[in-house]
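One line per chain: the protein sequences are X and U, in this order.
All letters in the first sequence, in the order written, are residues 1 to 299 by this note's numbering.
All letters in the second sequence, in the order written, are residues 1 to 460 by this note's numbering.
Calculated from the structure, these hints are not laboratory results.
Predicted model only: the values in this text are computed from it and were never measured.
Fair warning: there could be bad hints in the mix.
What the hints assert, rightly or not - Below, in silico cross-link-like pairs of lysine-lysine (DSS-like), each with a Cα-Cα straight-line distance of 27 angstroms or less: (1) K76/X - K286/U; (2) K122/U - K76/X; (3) K37/X - K122/U; (4) K122/U - K81/X; (5) K123/U - K81/X; (6) K102/X - K123/U; (7) K406/U - K262/X; (8) K233/X - K377/U; (9) K122/U - K59/X; (10) K61/X - K122/U; (11) K37/X - K406/U; (12) K122/U - K102/X; (13) K249/U - K123/U; (14) K37/X - K60/U; (15) K377/U - K146/X; (16) K262/X - K286/U.
What the hints assert, rightly or not - Some chain U residues judged to face chain X by a derived CB distance under 8 angstroms, without partners named: (17) M290; (18) W302; (19) A334.
C-beta: ideal position from N, C-alpha, C; glycine also.
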Amino acid sequence: MFIVKYKKIFLIFSGLMVLVAVVFISVFGLRLGIDFKGGALLEASYIANRPDISLLENKIKTLNINQALVQPTGEKEYLVKTRDLSESEHQALLSALSLDGKYPVSEKSFTSIGPSVGSELAYKAILSIIFVIIAIILFITFVFRKVSRPVASWKYGVITIITLLHDIVIPAGIFALISHYSGAEVDTLFVLALLTILGLSVHDKIVVFDRVRENLSTGTSRDFAETVGTSTKATIVRSINITLTIIFVLVPLYLFGPETTKNFAMILTIGLVFGIYSSLFFASPLLVLVQEWQNRKKK
Amino acid sequence: MLKRIALAVIILIFGVGVAFFVYKSEPRLNPNFSNENSFFKNHPFRLGLDLSGGSHLIYKADVSGVPSGQVTESMNSLRDVIERRINLFGVSEPIVQVQGKGFISGGDNQLIVDLPGITDVKKATEMIGQTPLLEFKVQAPAGTSQKATVDKDGKVSLDASSQFVSTQLTGRYLKGASLEFDQTTREPKVSLQFDDTGTKLFAQITKENVGKVVAIYLDGAPISTPVVREEIPNGQAVISGNFTPDEGKQLVGRLNSGALPVPISLVSTQTIGATLGDSAAQSGVKAGVMGFLLISVFLILWYRLPGLIAVLALSFYTALLLAIFKVLPVTLSAAGIGGFIISLGMAVDANVLIFERMKEEIRNGHNITDGIHAGFKRAWTSVRDSNTSSIITSIILFWIGTSLIKGFALTFGLGVLVSMFSAITVSRIFLFALGINKQNSLTGFLFGSGFSSAKSVDNK
Numbered sequence: 001m002f003i004v005k006y007k008k009i010f011l012i013f014s015g016l017m018v019l020v021a022v023v024f025i026s027v028f029g030l031r032l033g034i035d036f037k038g039g040a041l042l043e044a045s046y047i048a049n050r051p052d053i054s055l056l057e058n059k060i061k062t063l064n065i066n067q068a069l070v071q072p073t074g075e076k077e078y079l080v081k082t083r084d085l086s087e088s089e090h091q092a093l094l095s096a097l098s099l100d101g102k103y104p105v106s107e108k109s110f111t112s113i114g115p116s117v118g119s120e121l122a123y124k125a126i127l128s129i130i131f132v133i134i135a136i137i138l139f140i141t142f143v144f145r146k147v148s149r150p151v152a153s154w155k156y157g158v159i160t161i162i163t164l165l166h167d168i169v170i171p172a173g174i175f176a177l178i179s180h181y182s183g184a185e186v187d188t189l190f191v192l193a194l195l196t197i198l199g200l201s202v203h204d205k206i207v208v209f210d211r212v213r214e215n216l217s218t219g220t221s222r223d224f225a226e227t228v229g230t231s232t233k234a235t236i237v238r239s240i241n242i243t244l245t246i247i248f249v250l251v252p253l254y255l256f257g258p259e260t261t262k263n264f265a266m267i268l269t270i271g272l273v274f275g276i277y278s279s280l281f282f283a284s285p286l287l288v289l290v291q292e293w294q295n296r297k298k299k
Numbered sequence: 001m002l003k004r005i006a007l008a009v010i011i012l013i014f015g016v017g018v019a020f021f022v023y024k025s026e027p028r029l030n031p032n033f034s035n036e037n038s039f040f041k042n043h044p045f046r047l048g049l050d051l052s053g054g055s056h057l058i059y060k061a062d063v064s065g066v067p068s069g070q071v072t073e074s075m076n077s078l079r080d081v082i083e084r085r086i087n088l089f090g091v092s093e094p095i096v097q098v099q100g101k102g103f104i105s106g107g108d109n110q111l112i113v114d115l116p117g118i119t120d121v122k123k124a125t126e127m128i129g130q131t132p133l134l135e136f137k138v139q140a141p142a143g144t145s146q147k148a149t150v151d152k153d154g155k156v157s158l159d160a161s162s163q164f165v166s167t168q169l170t171g172r173y174l175k176g177a178s179l180e181f182d183q184t185t186r187e188p189k190v191s192l193q194f195d196d197t198g199t200k201l202f203a204q205i206t207k208e209n210v211g212k213v214v215a216i217y218l219d220g221a222p223i224s225t226p227v228v229r230e231e232i233p234n235g236q237a238v239i240s241g242n243f244t245p246d247e248g249k250q251l252v253g254r255l256n257s258g259a260l261p262v263p264i265s266l267v268s269t270q271t272i273g274a275t276l277g278d279s280a281a282q283s284g285v286k287a288g289v290m291g292f293l294l295i296s297v298f299l300i301l302w303y304r305l306p307g308l309i310a311v312l313a314l315s316f317y318t319a320l321l322l323a324i325f326k327v328l329p330v331t332l333s334a335a336g337i338g339g340f341i342i343s344l345g346m347a348v349d350a351n352v353l354i355f356e357r358m359k360e361e362i363r364n365g366h367n368i369t370d371g372i373h374a375g376f377k378r379a380w381t382s383v384r385d386s387n388t389s390s391i392i393t394s395i396i397l398f399w400i401g402t403s404l405i406k407g408f409a410l411t412f413g414l415g416v417l418v419s420m421f422s423a424i425t426v427s428r429i430f431l432f433a434l435g436i437n438k439q440n441s442l443t444g445f446l447f448g449s450g451f452s453s454a455k456s457v458d459n460k
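Chain U with its partners taken away, still in its complex shape (with noise of 0.2 angstroms):
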């Protein structure tokens, strides 16, 4: 009997530090939040940019050019590089991913870009427009068929597009890159200089192309097309365009912050604005505690002691829950927290599984321990069974879904989770710490539900 109670007073101290710790590290919450130590301020809610207001964007990748092989290797590297130009922004934790094209997922490669807090999609298209796509072609192959033009002069002129084709080296083998000024014309020029791959590639081109021009576009259009003379086994490019000292330096700079291995358009974008994203989370969070306070009142009105215990459990729950949100951590969007709603749901409907099973077992002639016991048994099979679907379902759809829907999966599925261990576990302990085993009318009745107590039809 003492085990049981020290089970369940530990049990209650872990639960309150849990949600004492929910409460220190929310700056919603805690009005000494500024001055709380860095574990707390490490650990506020990550809200979701439909709560905290931010652009969503998603770019189409054109990897046309790249060989099937290497396709993951280049939006690893465009992550890369976006991920790079926007910290340059100073934009606070954003999120870069790459989307493969596949089965599952079907449609195209994407890069979808989160920018909390950047409500300006003016401002943030141009932040990513500005990442410079660099690519070097060869000549294309003597005998490949030629676009060409007649203007009205009566002039061919060739399409250049077709003149060249792609080759494997592109920005993302780019180490770096630096103004330089001719020593005899003192006009300005940019170098390149390739790392280890970039450098084997550039030889390769070098070496076989002598005699050839090898072009270099900057942004889809030629900006240099010099004739080899020799191979280049250095991995050093020189970038001799038209450009002004001002405009070789931008260049520069731009290059040094990354190099775009694939051609990108925007295809998509959301913005929220943060007034509209804070009275969603405030609405949000409203409707949260309504709803736990509508279920607590209907568990205590209708199944009483089991009920408050169903509510203590529950209040288990949720601080767990919200404390493991904030840790992992996991963001929150509008589908997000109602993922987290209907878990609560799941997690009452393990407690009322239990007792309805108790209730039943006492009615059959068990004495409350036995019932105690027999309910949380009989009632496991349909909790574990139930509780897997619902996990197996929100597996699927955080593998399949789309954002919205992986936000959704994912609180819902840790929920029920974690709802497995409260309202089975948690709730058993501190029912059996209370330690009633004496059958009386009293006791009746606190294990009775809705219009009847519990009453074994033996003890009649």
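So that you can see chain X by itself, here it is in the shape it has in the complex (with noise of 0.2 angstroms):
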């Protein structure tokens, strides 16, 4: 099988990959919204046609808000960022937009967050991935337990991890560069798609390892290394077409679904695609890679 017979070529590509995302997050860093590091975000709308934004730039500095980013989005639409605003403050900035009411507009949507809420919700999201990883080590070692030969239960749990970690770090990395340029911030929605790939990658892991666990109970081959082989091979179509029929509902909801959730799909998307490339090229070589190391052990 070319999956166990390479497997030095596929573990230093997943390697490399992996290095570059590192290399993107740290060089290009991941912008963190208002959700985690508190702010307020205030939507447009001109009723007629927008001021422009030179006009509002200057009328906002007359206000006490120190700092306020304006971006143009839409045709009649603005983008304000600050930090986060009390109430009569919001209301200052409302009036502010309408230059006075002489613009007359409409609030799309206003979200202000206190800095204390944005690190809870920091400290939820990282506690709920831990959780997360460390009930699928138990789990997978619970329904694992029967093959403890020739690799122990709690393995498969470990590799699962490692090659999750793969699945989720080169997702973050490729956002890290287009957040680069298009300026995309970490938010919930953000988190929630890294769980996502959390949870569908260990999906299919488990449909991989379940099949070298029927195989190897079953004794099709003596040599480990080809009963993963085999198995790996007869996961591959639903492999594929599993990833297939996912990205199928991913990709209209990035081109026509709300726009809270485009980059969402975009991340879950990427995310699919090397989370099958690791159950695949990554989760199986690394596996008999564990069993070699044993044997080396033992001689």
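Since each chain sits alone in its own frame, please combine them into the complex, following the hints.
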């Protein structure tokens, strides 16, 4: 089976991709949105036509809001980003945006998040990722307990987690690169996308490992590497088809779905493609590699 | 055989019935919605604020004055008061939740208020801000360090906040308030009546503080500072501030609609305009329908007859899950719809796993009926384990996550649960009801997939 035969090439490729992703993240950084660091975001839509951006910027400067970022979106809309605002500051900003009523404006959305709420969100996001990872290791160790030979079942769990990190670091790296140019920010939906990738990716790994488990118990082959190879091969069509079906729902979600879920659909698609790659070409070679190390130690 | 067909027909009728319910109870789909009977009318989709427009407010509650054992109680009474307050203003289906401080939730004690349809934050915060905060404080024991300020004329004034200390008696023990007039001075005064617990607390406080001042604080400022003459056992207190009859009347109204047990401050607001929400909902539905159609076309082209069955099972799944969303009800947000769409993928996955396995078993020498049996049986462990891990993930996310993540986890988790039924039981019933056991080129084609047809090695 070529996957097992050329495992070093696949492992090196995966390693390189992760490395590139880490470089992207450290060079470009992940821009935190107001969800996490606190701040306010106002989406204003002008009834007639929108005033010049410099007029607005000058008007906002007269308010006691230190820094405001005004960005045009759509045809008649502006996005205004500031620090978190109290209700009276919010009203002042709204009237400033209409230039004291000269340009009638309607507020499409307004969000103001205090810094404490933001840090709580970040705390919860990290906590939930850690909990999900721990639960998955325990679960896999449990369901693969009958196939502790030649590789202990907890090692399946650890391998799954290593591949999971692979699957979420790469999309995060690509997102860092994209956001460097598009200005996209890390928000709750981004975390949600990573968590979904995590879920789908575990799903995939279990399907592949389940086949290994079955073939080990029926004794298809005496050779572990060969068993892993045939098991992986047997699940290739299923893995590709299922990724395709999910991409079939994600593409319309990206193209026609709500504005808020666009980045979500994009990151998820990237994550799925790498997730399927890692299920077939990273998890299985890793499994064989672990077994080979064990053998070497025994000798 | 007859039994199998009967079962398939029952499932089919049930599925159509469920789909009919979803259609009938949805104002956006059913043109005759206003004429439907109340059963249908009571079950439209409940849309989250991001889809229907509205305000989402987060308040921080300052519980520093509450004894640690009673924080939960105070927070719950805070929720009740705010809920009553909002109901007075006729907001439909407001959601008021409290979130305690803890290892999992982190942060502060919070009050989360969702107001569907209210897109004017100013109005919303005023509505809640009018809720009075009523506290009773007693004189600080002698020897407590006092904060004093000396103004420019050399006059020393004591800071009231250090003169008094909080007691357990707060607005949450208030039963009612009424306006009265002093019989001699004709001055308006507000009379308070406590509930049972409040009466006991007030009796104890007055007993221990005879000859001292008990300060009544309204909205953080002392409004009345009477000296206690004797123990008051009947649970009645009087606020005699210097107010006009109109002010007195207003105060009574505010107190009767509930007084806050702890001070709160606004830390986060979010408003979504109705048009934005509406377009988000429409584009979400459009994306969902497109995704469903694409999956169906793919499944039928690739898996042929079993693919068609899978599409049927998937339709059943969609109808059932949407009905569950309506009946429970589940509040659907953009993230929730995302969770639903992903679970569609999971539902298909179970079928894809089974069909691939079926094809493999047929290729390895089983006839079609045995192949179907073996496919379901062998694929079961991987469907079970992979879906269990998804359910575990969704439980953890629902447990820990913020409201947006909770919405996702709920629809996702429910979706995976329902899909285990539809993708396995329903598609199995349909497949067996067809009663195909002949082996010929037609069935070979129908059960084939991709570019090859299903052929048993033995039959060559």
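Verification of the supplied hints:
1. K76/X - K286/U: 25 angstroms, holds
2. K122/U - K76/X: OK: K122/U and K76/X at ~24 angstroms, within 27 angstroms.
3. K37/X - K122/U: 24 angstroms, holds
4. K122/U - K81/X: The given pair, whose Cα atoms are some 19 angstroms apart, holds under the 27 angstroms limit.
5. K123/U - K81/X: Answer holds: K123/U to K81/X is near 23 angstroms, not above 27 angstroms.
6. K102/X - K123/U: 23 angstroms, holds
7. K406/U - K262/X: 20 angstroms, holds
8. K233/X - K377/U: Holds, because 20 angstroms separates the two Cα atoms, which is no more than 27 angstroms.
9. K122/U - K59/X: 22 angstroms, holds
10. K61/X - K122/U: 23 angstroms, holds
11. K37/X - K406/U: 21 angstroms, holds
12. K122/U - K102/X: OK: K122/U and K102/X at ~21 angstroms, within 27 angstroms.
13. K249/U - K123/U: Holds, at roughly 22 angstroms.
14. K37/X - K60/U: Roughly 17 angstroms separates the two Cα atoms, so the pair holds.
15. K377/U - K146/X: This hinted pair holds, its Cα atoms lying about 19 angstroms apart.
16. K262/X - K286/U: At roughly 14 angstroms apart (the allowed maximum being 27 angstroms), K286/U and K262/X satisfy the hint.
17. M290: For M290/U, the interface hint holds, since the closest Cβ of chain X sits about 4 angstroms away, which is under 8 angstroms.
18. W302: 7 angstroms, holds
19. A334: 5 angstroms, holds
Violated hints for the displayed structure: none, as all numbered hints are satisfied.
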